[in-house]
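Colleague: Letter by letter, the chains look like this.
Protein chains: 2
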Amino acid sequence: MGGFTTNATIKSFGGRFLKLSHRAFQTRSTQNFTLFIPPGASVEKPAPLLIYLSDLTCSPDDVTEKGFLHAHAAPLGLALLYLDTSPRGLNLPGEHDAGDFGSGASFYINSTQQPWLMHYKMEAYITRELPALLAEYFKELDMSRPGRYKSVSAWAPIANPSLCPLAQKAFEGYLGEDREVWKKHDATELVKSWKGESLSCLIDVGTDDNFYKQGQLLPENFETAVKEADLEGLELRYQDGYDHSYFFISTFGADHVKHAAKALGLF
Amino acid sequence: MGGFTTNATIKSFGGRFLKLSHRAFQTRSTQNFTLFIPPGASVEKPAPLLIYLSDLTCSPDDVTEKGFLHAHAAPLGLALLYLDTSPRGLNLPGEHDAGDFGSGASFYINSTQQPWLMHYKMEAYITRELPALLAEYFKELDMSRPGRYKSVSAWAPIANPSLCPLAQKAFEGYLGEDREVWKKHDATELVKSWKGESLSCLIDVGTDDNFYKQGQLLPENFETAVKEADLEGLELRYQDGYDHSYFFISTFGADHVKHAAKALGLF
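In order, the protein sequence lines correspond to chains A and B. The working numbering applies: residue 478 is where the first sequence begins, and numbers increase by one. The working numbering applies: residue 478 is where the second sequence begins, and numbers increase by one.
Wrong hints could be hidden among the right ones.
Put simply, identical chains are the same to the list, so a pair is met inside one copy or across any two.
[Said to hold, decoys possible] Result set (SDA-like, lysine to any residue): computed pairs, CA atoms no more than 25 Å apart in a straight line:
| no. | residue 1 | residue 2 |
| --- | --- | --- |
| 1 | K660 | T604 |
| 2 | K496 | N687 |
| 3 | K616 | G718 |
| 4 | K661 | F502 |
| 5 | K543 | D717 |
| 6 | K735 | P642 |
| 7 | K543 | N687 |
| 8 | K704 | S670 |
| 9 | K690 | T486 |
| 10 | K543 | K690 |
In short, the hints are calculated from the structure, not lab data.
Please model the entire structure based on the sequences and the hints provided.
Modeller: Below, the structure written as structure tokens:
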């Protein structure tokens, strides 16, 4: 179907869960993703879509197996798209040497640096190429709503990557040393000049998350920037005693799915 | 604690999820298990326990990550014990050669055959040794209720192992060739002479389960035996289009947890 290879079709919570792959134009590589189509979705009644960006080192299988988001999306009539963290099937120099750079760690940006720029065009792939293909070949998905995204939520995000060591390494590798360029991929920097509607943003951070405790996430900086920009619509929650695992993801999965479903007008 | 090694403590759905291992007396080997203690459980208010026997080839990590049973057990105040499928850390001849025999496939019985009988005493381990240890060292678990088990449920069980090729291989290896001995470990045979109370038994089978379609599960035989014994309390459900994966487990997880919780008097 449309160049997609269907690697598995599994019934889950009354809906269809598909494991798919295809040869992507933007990344000149194999891209894997998974898709949950809720029960009742059809050409006549297409389902809106929540797009999930997988965490560093993960594949789409991780969250689909451990996140348990289907359970909450099915009764709401919400479709779920789980993206992979990088192109696959390449062997660029050093690509597989570290968990925080190269394969499994694209940071979802368009690289401008050698040797990455020929393949690591994940921003173009996930914001334009793949949505257009899905709209063309999965008519039971509603890709027509005005505005590209209605809401955003995150578990333990790197909220200010320009200032966290883990992301600095990746940004330098993918984007070069000019830190002004980095700001275009940094939520805390971007929100300072946000001119759109009020935010619809939910963030959960576990207080026992080692990345948080090491200063790799910096949600406080994002919160401060939102306040200084006089924006509304951020809900930042610190979840006592939770770590960075999929048990944290699944515990609060219902809240994140409902957050998206509400913004998409499903209730 | 009590010879237990705590390999991880993770907060999940407000409760405590523990990865534990210990040196077991019955199996003369390392035994791994995981334990979910729901929020609110205490010495004063101990939680009753649902014991989950992992599927062939699996470790306790599989169901804890992919089954999503914590979500349903937490609000009901039910504790969950996830058992491993065999002793670990041994190297008996041929032990690791196949997925359906040896490591990962003890069938939870006491072997009487060489070379298994020195270690593969899983029935004694899971029905006596481990419950006694848990009662001693986890006072927030209620192990005191009369009768050993109050209910049973299963996803896609081998319901009549004496007649299915997959289990026949294992029974011959662990128990020898005498088929009368096999009957003591075959639910369909056992129910024929059941003299206890009415059953409290829930079984789900997916109609697209390859093991079911190949005649490895035989739930029909179990149902017939229950009817012929004039017993009540079996609910056997065929779930249309579901396979043998953890997506099947998680889809119906809420029903199985509630089935146990109800039998334990939690609602």
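Colleague: Are the hints correct? Go through all of them and say.
Modeller: Checked hints:
1. K660 to T604: Cα proximity of K660 and T604: one copy only (18 Å, versus 60 Å across).
2. K496 to N687: Intra 31 Å, inter 19 Å, cutoff 25 Å: inter-copy only.
3. K616 to G718: Between. Shortest inter-copy distance 22 Å satisfies the 25 Å Cα cut-off; intra-copy 42 Å does not.
4. K661 to F502: Only inside one copy: K661 and F502 sit 23 Å apart there, 60 Å across copies, limit 25 Å.
5. K543 to D717: So K543 and D717 pass the 25 Å test inside a copy (21 Å) and across (23 Å) alike.
6. K735 to P642: neither (33 Å within a copy, 46 Å between copies)
7. K543 to N687: Answer is both; intra-copy 20 Å and inter-copy 23 Å each pass.
8. K704 to S670: within (12 Å within a copy, 71 Å between copies)
9. K690 to T486: Between. Shortest inter-copy distance 17 Å satisfies the 25 Å Cα cut-off; intra-copy 40 Å does not.
10. K543 to K690: Within one copy, since 24 Å is at most 25 Å while 27 Å is not.
The structure is inconsistent with hint 6 alone, although it conforms to all the rest.
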